[in-house]
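Chemist: Going down the list, the sequences are from chains A and B. First residue of the first sequence: 1, per my numbering; consecutive thereafter. First residue of the second sequence: 1, per my numbering; consecutive thereafter.
It is possible that part of the hints are untrue.
[Said to hold, decoys possible] Think about it this way: if two alpha-carbon atoms lie no more than 27 Å apart in a straight line, the pair counts; the simulated DSSO-like pairs of lysine-lysine are:
1) 140/B x 21/A
2) 347/B x 145/B
3) 222/B x 21/A
4) 53/A x 4/B
5) 222/B x 44/A
6) 22/A x 48/A
7) 21/A x 181/B
8) 48/A x 4/B
9) 140/B x 222/B
10) 347/B x 21/A
11) 181/B x 44/A
12) 145/B x 222/B
13) 222/B x 53/A
14) 4/B x 44/A
15) 314/B x 44/A
16) 75/B x 152/B
17) 181/B x 4/B
18) 222/B x 48/A
19) 5/B x 21/A
[Said to hold, decoys possible] The calculated label-pair distances, taken between Cβ atoms and stated as ranges, are:
20) 219/B x 51/A: 19 to 25 Å
21) 56/A x 152/B: 21 to 27 Å
22) 28/A x 156/B: 41 to 47 Å
23) 25/A x 73/B: 38 to 44 Å
24) 53/A x 219/B: 24 to 30 Å
25) 347/B x 28/A: 21 to 27 Å
26) 78/B x 26/A: 55 to 61 Å
27) 26/A x 25/B: 33 to 39 Å
28) 182/B x 26/A: 56 to 62 Å
[Unchecked claim] Examples of chain B residues toward chain A, derived with CB under 8 Å:
29) 83
30) 138
31) 143
32) 216
33) 217
34) 220
35) 221
36) 223
37) 279
No wet-lab data here; the hints were simulated from the structure. Each residue gets a CB set at the ideal place from its N, CA and C atoms; glycine is no exception.
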Amino acid sequence: MKDNIIDARGRACPEPVLMTKKAMESYSCVKVLVDNVTARENIKRFAKNNGYKIDILENDEGILLTLSR
Amino acid sequence: MQDKKHIIINGLIVGILSVLLVKFGNPVNMGICIACFIRDIAGGLGLHRAEVVQYIRPEIIGIVIGAFLMSYGKKEFYSRGGSSPFVRFVLGFIVMIGALMFLGCPLRMVLRIAGGDLNAVVGLIGFVVGIYIGIIFLNKGFTLKRTYNLNKAEGFLFPLINLVLFIILILSPTFIFFSQKGPGSMHAPILLSLIVGLIVGAFAQRTRLCMVGGIRDLILFKDWYLISGFISIFVAALVGNMLIGKFNLGFVKQPVAHNDALWNFLGMTLAGFGSVLLGGCPLRQLILAAEGNIDSVITVIGMLLGAAFAHNFKLASSPDGPTLNGKIAVVIGFIVVTLIGYFNIEKDLNVKIKGGIKIEG
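Based on the provided sequences and hints, a complete structural model is requested.
Modeler: Dropping the structure here:
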């Protein structure tokens, strides 16, 4: 399974979601790193609407969302 | 539906409170209008001398303080900035020129439709077209680059300035201008306006309510979340306007509006286009500014200055219709926003594997 990490920290909405969307076109598992709650919620919603499983890890470096299906 | 519950309630509250403010003195279909109210504040501070639109609007102050307190309490307040600040300033300026061509920000556009003002439906069509153009740029890789963390103290400045504005409003020193007639003279009691602002600001901080985001996300991601707020504002304001007898269906003699269809359309197209590149409508910019987003503070300052210039240079429309200067400004605005869009496209931005990121549980 190919996977891919996107660093979307500091990016304003809707960029993190757009980056995720682009990555989903070529990878079945996408990891997105963000640094704010708005981006986390937006990506969560987008992934859920598209039938992805979501796993979230939060620490000082940021919030890592692992999206897979 | 469950996840949309809060934003729908948020929308209903904004709609109801907007009608309430009209009932208690605000201009009709202008319970809340971010563009108009920032323009009034510019006038109140003497940055422009259009005598009919000068007042320090407590709604703006309330929205900022409400969003600040909520974000602080929820630990979402943090100072950040550095994402193309001057580009944002220019976009804020231009969004204001577009909004004042139409006579209202996207929020007031919804309120105007809910009051039966069909000119605002023309504006909405333009707004959607503008958002669509903006999305083309987003899909090509448009970005204003990332933000960086800033000193926490910087984030407090904007809410603090709003507090000072409130003190100025209460003390009313002689260097402040208050309209004696026209829309600027029409306002609900200060305390009521402030409280409405606080509630709207606090709620909108939680739900990320945004007029531009609603249509953008629907087109881009088929996501109905943000637009459900938009729709519920409309429904609540429609019912409210009917109850207080302010619903008046038609194109002519609409309050604080003109019926030049082409320029209503183009004004909102420009506002929509610019707002998509900014990432949010004027309301959302205000909320973000209150949360410590310095880029949005700069956008708001751009809007403030845009409003001042709009009246000093006679760019803003009036109920008599748009001005020649305003039409020229909107055309220039389109050229500038298009150039900003073009020059900020990052070709290979989207998918990159980044090294050096350590993630541990």
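Chemist: Does each hint fit the structure? Answer for all of them.
Modeler: Hints versus structure:
1. Of the supplied pair hints, the one linking residue 140/B and residue 21/A holds, its CA atoms being roughly 13 Å apart against a limit of 27 Å.
2. At most 27 Å may separate the alpha-carbon atoms for a hinted pair to count; residue 347/B and residue 145/B meet this at roughly 13 Å.
3. Of the supplied pair hints, the one linking residue 222/B and residue 21/A holds, its CA atoms being roughly 12 Å apart against a limit of 27 Å.
4. As the CA atoms of residue 53/A and residue 4/B are separated by approximately 20 Å, the hinted pair is consistent with the 27 Å bound.
5. Between residue 222/B and residue 44/A the alpha-carbon distance is near 14 Å, which keeps this suggested pair within the 27 Å criterion.
6. Among the hinted pairs, residue 22/A with residue 48/A is consistent with the structure: their alpha-carbon atoms are about 16 Å apart, no more than 27 Å.
7. Our distance criterion of 27 Å between C-alpha atoms is broken by residue 21/A and residue 181/B, whose separation comes to about 52 Å.
8. Simply put, residue 48/A and residue 4/B have alpha-carbon atoms about 14 Å apart, close enough for the 27 Å limit, and the pair holds.
9. At roughly 19 Å between alpha-carbon atoms, residue 140/B and residue 222/B fall within 27 Å of each other, so this suggested pair holds.
10. The hinted pair formed by residue 347/B and residue 21/A meets the criterion: a straight-line CA distance of about 16 Å does not exceed 27 Å.
11. Distance restraint check for residue 181/B and residue 44/A: the Cα-Cα separation of roughly 50 Å exceeds the 27 Å cut-off, and the hinted pair is therefore not satisfied.
12. Proximity of residue 145/B to residue 222/B is assessed by CA-CA distance (about 25 Å); at most 27 Å being required, the pair is judged to hold.
13. A C-alpha spacing of about 19 Å is found between residue 222/B and residue 53/A, which places the hinted pair at or below 27 Å, so the restraint holds.
14. Annotation: proposed proximity of residue 4/B to residue 44/A holds, straight-line Cα distance about 14 Å (limit 27 Å).
15. For the suggested pair residue 314/B and residue 44/A, the alpha carbons sit about 46 Å apart, so the restraint of at most 27 Å is broken.
16. Distance hint between residue 75/B and residue 152/B is fulfilled; the C-alpha atoms sit about 13 Å from each other, no more than 27 Å.
17. Among the hinted pairs, residue 181/B with residue 4/B is inconsistent with the structure: their alpha-carbon atoms are about 42 Å apart, more than 27 Å.
18. Among the hinted pairs, residue 222/B with residue 48/A is consistent with the structure: their alpha-carbon atoms are about 12 Å apart, no more than 27 Å.
19. Our distance criterion of 27 Å between C-alpha atoms is met by residue 5/B and residue 21/A, whose separation comes to about 25 Å.
20. Between residue 219/B and residue 51/A the C-beta distance comes to about 20 Å, which sits within the given range of 19 to 25 Å.
21. Checked against the hint of 21 to 27 Å, the C-beta distance between residue 56/A and residue 152/B comes to roughly 26 Å, which is consistent with it.
22. Distance hint check for residue 28/A and residue 156/B: the Cβ-Cβ separation is about 45 Å, which falls inside the suggested range of 41 to 47 Å.
23. Between residue 25/A and residue 73/B, the C-beta spacing of about 39 Å keeps the proposed range 38 to 44 Å intact.
24. Between residue 53/A and residue 219/B the CB atoms are about 26 Å apart, so this pair conforms to the stated range of 24 to 30 Å.
25. Between residue 347/B and residue 28/A the C-beta distance comes to about 25 Å, which sits within the given range of 21 to 27 Å.
26. Under the hint 55 to 61 Å, the C-beta atoms of residue 78/B and residue 26/A, about 33 Å apart, miss the expected range.
27. Here the CB-CB span from residue 26/A to residue 25/B is close to 57 Å, at odds with the stated 33 to 39 Å.
28. Taking 56 to 62 Å as the suggested C-beta distance range, the pair residue 182/B and residue 26/A conforms, at roughly 57 Å.
29. For residue 83/B, the interface hint holds, the least distance from its beta-carbon to any beta-carbon of chain A being 6 Å, beneath 8 Å.
30. Interface restraint check for residue 138/B: the shortest CB-CB distance to chain A comes to about 6 Å, inside 8 Å, so the restraint holds.
31. Taken as an interface hint, residue 143/B checks out: its beta carbon lies about 6 Å from the nearest beta carbon of chain A, inside 8 Å.
32. For residue 216/B, the interface hint holds, since its Cβ comes within 8 Å of a Cβ in chain A; the closest pair sits about 7 Å apart.
33. Because the closest C-beta pair between residue 217/B and chain A is about 7 Å apart, less than 8 Å, the hint holds.
34. Among the interface hints, the one on residue 220/B holds; its C-beta lies about 7 Å from the nearest C-beta in chain A, closer than the 8 Å criterion.
35. Using the Cβ-Cβ criterion of 8 Å, the hint placing residue 221/B at the interface with chain A is satisfied: the shortest such distance is roughly 6 Å.
36. Satisfaction of the interface hint for residue 223/B is found here, the shortest Cβ-Cβ separation to chain A being roughly 6 Å, below the 8 Å cut-off.
37. With 8 Å as the threshold, the beta carbon of residue 279/B comes within range of chain A, its nearest partner Cβ sitting at about 5 Å, so the hint holds.
Checked against the numbered hints listed earlier, the structure breaks hints 7, 11, 15, 17, 26 and 27; every other hint is satisfied.
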